[in-house]
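The primary structure of each chain is shown beneath.
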Amino acid sequence: MRTPDIAPLIGGIVMLAVWELAVRLTGVATYLLPAPTAIANALISGAPVLIPSAVVTLGLALQALLFALLLGVGLAVLFSRVTWLGRALGPYALVLQATPVVAIAPLVIIWTGVENPRTAILILATIVAFFPVLANATAGLAAIDPGLDRLFRLHRAKPLDRFLRLEVPTAAPYLLAGIETAAGLALVGAVVAEFVAGTGATGGLAWRIVEAGNRLETPTMFAALILLAIMGVVLATSIGWARKKFA
Amino acid sequence: MTAFDGESVLFADTLTVSYPSGLHALGPIDLSVKAGECVSILGPSGCGKSTLLASLTGLLRPTSGSARCGDGEPPGVVFQEPTLMPWASVAENVALPLKLAGRAGSEAAARAALTLAGLEEFDAVRPAGLSGGMRMRVSLARALVGSPKALLLDEPFAAIDELGRRSLDDLVLRLKAELKLAVLFVTHSVEEAVYLGDRVIIMTPRPGRIQADIAVPNEPRGDGFFTSRAFVDSAAEARSALALSKAA
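In order, the protein sequence lines correspond to chains B and H. Residue numbering for the first sequence is 1020 to 1266, as defined by the working numbering. Residue numbering for the second sequence is 162 to 409, as defined by the working numbering.
Just chain B, same shape as in the assembly:
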């Protein structure tokens, strides 16, 4: 077994130590920059509220990722079969992708109704996560080896056989790369949408940050940020792991 590289661990400890020392020596106010120990305290004491909120946000992001996957793969398959439809609609998917999600959020919230922030958040996070899935699935379906294509035609492969035995395995590595990007974006989308919705009704982590900010509880804000960062890293690495396994 390889010994893990301890350089990042040392780097982290040194950074935290410098941070702690700087805060203590300068006596900067906690609401401006809390010391790492204060953040750790906030994380521990706030855990009963923060952990369930993290679960809510993670759940929203994962649901949005699932919707994005179904929608993105479904459209990519449709576009590969009905090419004129792909040519007609493809550019508008790009327009949707280029428009910042924060700017679309107020519209979506009006449509879903202010009393349904959960639906609005799901829609917004799905919109953000869907594009890399569509783009990569489309690229994957277009990457069919012409030789294998000829072989399948030679043996008069049925459309379903062609799809399952040729198109799916060819597109899989592309799709997994798209999902890796989409997972991070789904989390970003969920947080941004929750900010814009500006309601505690869903009780996600983004709302905890807004809430703590209003009360100048800066250590709690940092604690929520740490949880978000951990979720993002866990999502990305688990999908990256799956990608390597199937590649």
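This list has only true hints and no planted wrong ones.
Covered stretches of chain B (chain H as the covering partner; in silico rule of three or more C-beta atoms under 8 Å from a C-beta of chain H): (1) 1162-1170; (2) 1173-1182.
Here are the simulated DSSO-like pairs of lysine-lysine, each with C-alpha atoms no more than 27 Å apart in a straight line: (3) K260/H x K1177/B; (4) K341/H x K260/H; (5) K1264/B x K260/H; (6) K195/H x K310/H; (7) K195/H x K337/H; (8) K310/H x K1177/B; (9) K310/H x K341/H; (10) K337/H x K310/H; (11) K341/H x K195/H.
For the record, the hints were derived by calculation from the structure and aren't laboratory data. Don't be surprised by glycine CBs; every beta carbon is placed ideally from N, CA and C.
Position chain H against the provided structure of chain B, taking the given hints into account.
Showing chain H alone in chain B's frame:
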């Protein structure tokens, strides 16, 4: 015009192919290959050799005339590249034609085809773990898995080193004899064409027609063959026909 004599497995009758662009690519061609016979095809680049093969496999519809392959079942085809599925094992690659045809017993048939190609120990390996010559053997095993009556090879061993190429050529000869295959072998190499062929067909530049049909004497193939009268004379005849074809 060649009469269909019932013995022919591969059969082309005044076959011509023109592309939608109006390009006249091939023909008219009359050709027949019997069971247990190997016909090599030599010709300048772009003369329509691959078009001829595609017509015989049914991938391309003739513009006029007809092209037929035995009983209508797809023939075994080996392309220039091994064209294997990189995500599947050697055994899965070989079994593919049967799976696509919905035929049962594909695993046993795949094992038998792997044995024919001398690959029985590599069934679980992925193509990436094999050399170029081995991948071509897998491609050959896949072409044979459905017990076809005809085998069409489109410059299959061009990218393989001399030694590997000779052993693949010998494998094709052995399979032809054992399985009574009708073999059509497209190549750029005069030596390979004469070594493998019972007949060597020289094609003209586009639109490809038959310039010469040279019968190679039936002498045992092996290292000695290359210095034999049969080889030297047939190769010389093929070379001069090829030179005539290029000058035309």
